[in-house]
Amino acid sequence: MERRRLRETSIDLFAKLARVSWPFVLLVVLLGVVGYAALYSAAGGAPRPYAEPQAIRFAIGVLAMLVIAMVDIRFIARLAWPLYVVGIALLLLVAGFGHISNGARRWVVVAGVDLQPSELMKLLLILALAAWFRRASWERVGNPLFLVPPILATAVPAFLILREPNLGTAVITLSIGGAIFWAAGVRWWKFALVIALAAVIAPIAYAHLHGYQRQRILTFLHPSRDPLGTGYNIIQSKIALGAGGMWGQGYLHGTQGQLDFLPEKQTDFIFALFSEEFGLVGGLALIGLLALVILYTMAIGLACRHQFGRLVAVGVATNLFLYVFVNIAMVMGAIPVGGVPLPLISYGGSAMLAVMAGFGVLLSAHVHRDVEFPDAAGG
Amino acid sequence: MKRDHRRGLVFTRRALLLAGGQMGLLGLLAARLYQVQVVEGARYALLARHNSVSTRLLAPVRGRILDRAGTLLAGNKRNWRALLMLDQCPKPAATLAAFSVLVRLRPAETARLLAAVPHHPRFIPLLVRDFLSWREMATLAVHAPELPGILVDAGMTRFYPFGGEMAHVLGYVGPPTQAEVAKDRALALPGMVVGRSGVESYRDQALRGTAGSVHLEVDARGRVIRELDREPGRPGADVVLTLDAGLQQAAMATLGTRRSASAVLLDVTSGAVLAMASTPSFDPTLFESGVSLRQWKSWVEDVRSPLLNKATDGSYPPGSTFKPVVAMAALAAGVITAQTRFYCPGYLKLGNHKFYCWLHWGHGSVDLTSALTQSCDVFFYNVALRTGIDRIERMAHRFAIGASAGLDLGGVAQGFVATREWWQKKGHHWTPGDTVVQGIGQGFTLATPLGLATMIARMASGRMIRPYLAARVGARPVAPPPPPPMGLPERAFAAIRTGLFGVVNDSRGTAYAERLPLPGVAMAGKTGSAQVINASTGNRGMSFHTSKLPWKYRPQALFIAYAPVAAPRYALAVVVEHGNEGAQAAAPIAREIMLAALARDGVVQSEAASLPAPA
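So the sequence lines, in the order shown, correspond to chains A and B. Note that our numbering numbers the first sequence so that position 185 is 259, with each residue one more than the last. Note that our numbering numbers the second sequence so that position 49 is 873, with each residue one more than the last.
Be a bit skeptical, because a hint or two may be false.
Unchecked claim - Some chain B residues flagged as far from chain A (calculated, every beta-carbon gap over 10 angstroms):
id, residue
1, 830
2, 834
3, 847
4, 867
5, 899
6, 942
7, 999
8, 1007
9, 1008
10, 1053
11, 1180
12, 1230
13, 1300
14, 1318
Said to hold, decoys possible - Which bits of chain A does chain B cover? Going by a derived footprint, with three or more residues having C-beta under 8 angstroms, they are:
id, segment
15, 87-96
16, 353-364
To be verified - Away from chain B, derived, C-beta distances all over 12 angstroms, residues of chain A:
id, residue
17, 119
18, 120
19, 257
20, 309
21, 324
22, 372
23, 373
No lab work stands behind these hints, which were simulated from the structure alone. Treat the numbers as computed from the prediction; the structure is a model and nothing was measured. We treat Cβ as the ideally placed atom computed from N, Cα and C, and that holds for glycine.
All chains, full assembly: derive it from the sequences and hints.
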């Protein structure tokens, strides 16, 4: 029986390759192509300086994704916690030695490569939480004490990222943790309690903050308060979107993007550039493509027979969703956050690497969807 | 298994809820995108087309130039001007016509402006008229509604409180060229200027600063509704010079306006340039608003070259002021000692050619000290022959003659010392006679006043003085480190300094008349008179009165000096073009400037009280 055979520890490589979800890979490659086109336009119609390096990184990313997909998911689960510790160490390294760019200490050089560990940390947190919850029964999850270690495991990286400071990624990290808690079966009322507590504590904590800390929060909530801040970006971004209209100005013909009015058009504001050139139709198509990838990820989770794979899928899907939502909402001026890229479209290595690695683990979960964990409480 | 089944069910339910929620939020995002891009989009598209968000670059304020005590040497003055905002001016021609009714524009001006409109960057205003009077400014402001696109604002123009007294060293500024604008777009802003000479040019990058920008929401008529965002830019850095405004004024006053002359005063302890004067001078503010053809012609046709900074760019045969360098070359090479004597019968016969001494009946038997003091030419003819041109050339370079003195100012001349090789390259054969005339700083030798001041400062201190003009740029100190010793024998320095002391203080000295009237404070120096005609032949025996020659054929008059002798503080070089005799034309000027320097920081009193008169 085929199912029987696949429960064996070693499955041959070709069988594994055959089980890779190739439609999913196709969707990812499609996103990569859209990213190349957008970055080609961001450079004024040239492969350099953005599109070409990004394409090389993307090719490496796809390869890495497929290699990770071949790794036994049980092995990945065993590595989850050691990797988590490495991630925390990298974040501490950033806090100690990281270099500052745009006023935040986010980058660290590892083996000659500029790395943004907070991007990687989100994936490592997903793995660690999935490993923690994978054996837990419905009753076990109901025990509040059982929830203390994963809460700490979520809070520590979130706090370190917040300190960088990178409020956007910190909130995303917390949200991913919340999503996995949710999918693992933590009770409704506990979520309600935490939200209620936060609503009560926030004003009290705010009252105890220093003046400058309050100022920072106010600036974060109302960027127009900050005369040098993101207000200009948002205005130019909105003009770009408006200029795009329904059908767009045409590829390589967006005036805002091409005339350098649009700041950071190759990174955070790539969506504005894309939508100016391809209009609402193009923007919706891109959102649709991203939504399809998110849904596909969730579907892979649902098809998985072990809890580890399911939880990883929820984590990866939520991470992707938050990237997309926060970035596009920011570009439209709906929420005032910076520093969150549009995955696989924005120029930049760390986020791309982390997302592709996440897809790799997801595909591994899919390839090994029927395996049995030796210590599993059940499939 | 039931429990796990329940866990699986819970997962499925919650994962679907999560996915549903996420898709719902993405749906909201899509709806919002429709709102922004299509519903409000029309308005934003209009903003994009008419660019009603007007981005204007803000010109950075140019940095000031200050003297060592903080006295303002170059600053900025308010200047009312009318600008044309291209992004708010639908019909430039109509606006300019309306403008001309109020403030008259010549047809040529209007044509020039209209020709510039199509090429001008839209977010950079076009300058219509500068230096508006208060009345014109008020008229334009009142009629603003009839002048769409015209903006009256206060710009800055360069302002030099000392006018021509500092013009050469500070330089001047002028409007940028097309090529410069292509490199730095901010230069297209009205009122932006580029340093064209002197410190203004050499420190241009620091003085310029970086442009800021302001984003304004404007209505269809170009009226500003509100300021959206402001990036202030960075004003230019202030440059603090080593110059002393008072000494500079004293030097300029002493040189006078009728001569063609220059002077450089250095601080011997550091190399700081305290005064750098060149006369006649010019009004540096004329360049910013445009120099009239008549003015330009009068400058260019003036034989005294008022635009040239003669202190750094004037090249003169140094004449006898070169003798200390020849002496040093000979002493360092060991071909003479301080005791070596030569007999001066009034000439040196070489082959069948006689090289005359300026004193036709001769100095008799002279040693180095008395040869310097009395400026005996024959002694130095002999020394030059013994030393050879190659050693002289190398030593001259070490004393900043024919080599850079290292001043922090662009385009500074270096002077020149001939070499055998150079002369052979020109197809000639170097003869001993050529070496002879180099010995008294004639022939091919050229030096700048700055080079001569550096030379005498190095002679006085024995250190590798590097003259410098800027002490600080912004908050950053830029003065060079303390000068290292030159590594030449101290005995050689002592012998030369004794000779230079005699020039001013020995009754036989060529500048004895110019000794300082201060008890205990002495000046040492060297006179020089360099022929302009027949200079290369060294025909000093020709008996004609140079003072009767036409001005431009009279010899250059030079004097270099340092004081106080006991503890050298100031080094000075004065060159009076065609002043005839160094002793008569240049030395008295040097004395006045030196007295001003000594009086200024109280050296006179303290030195007089504590030091015995040097023997």
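Comparing the hints with the structure gives:
no.	hint	in the structure
1	830	violated (5 angstroms)
2	834	violated (5 angstroms)
3	847	violated (6 angstroms)
4	867	violated (7 angstroms)
5	899	holds (28 angstroms)
6	942	holds (17 angstroms)
7	999	holds (26 angstroms)
8	1007	holds (17 angstroms)
9	1008	holds (16 angstroms)
10	1053	violated (4 angstroms)
11	1180	holds (73 angstroms)
12	1230	holds (37 angstroms)
13	1300	holds (22 angstroms)
14	1318	holds (58 angstroms)
15	87-96	violated (count 0)
16	353-364	holds (count 6)
17	119	holds (20 angstroms)
18	120	holds (21 angstroms)
19	257	violated (5 angstroms)
20	309	violated (6 angstroms)
21	324	holds (14 angstroms)
22	372	violated (4 angstroms)
23	373	violated (9 angstroms)
The earlier numbered hints that this structure contradicts are 1, 2, 3, 4, 10, 15, 19, 20, 22, 23.
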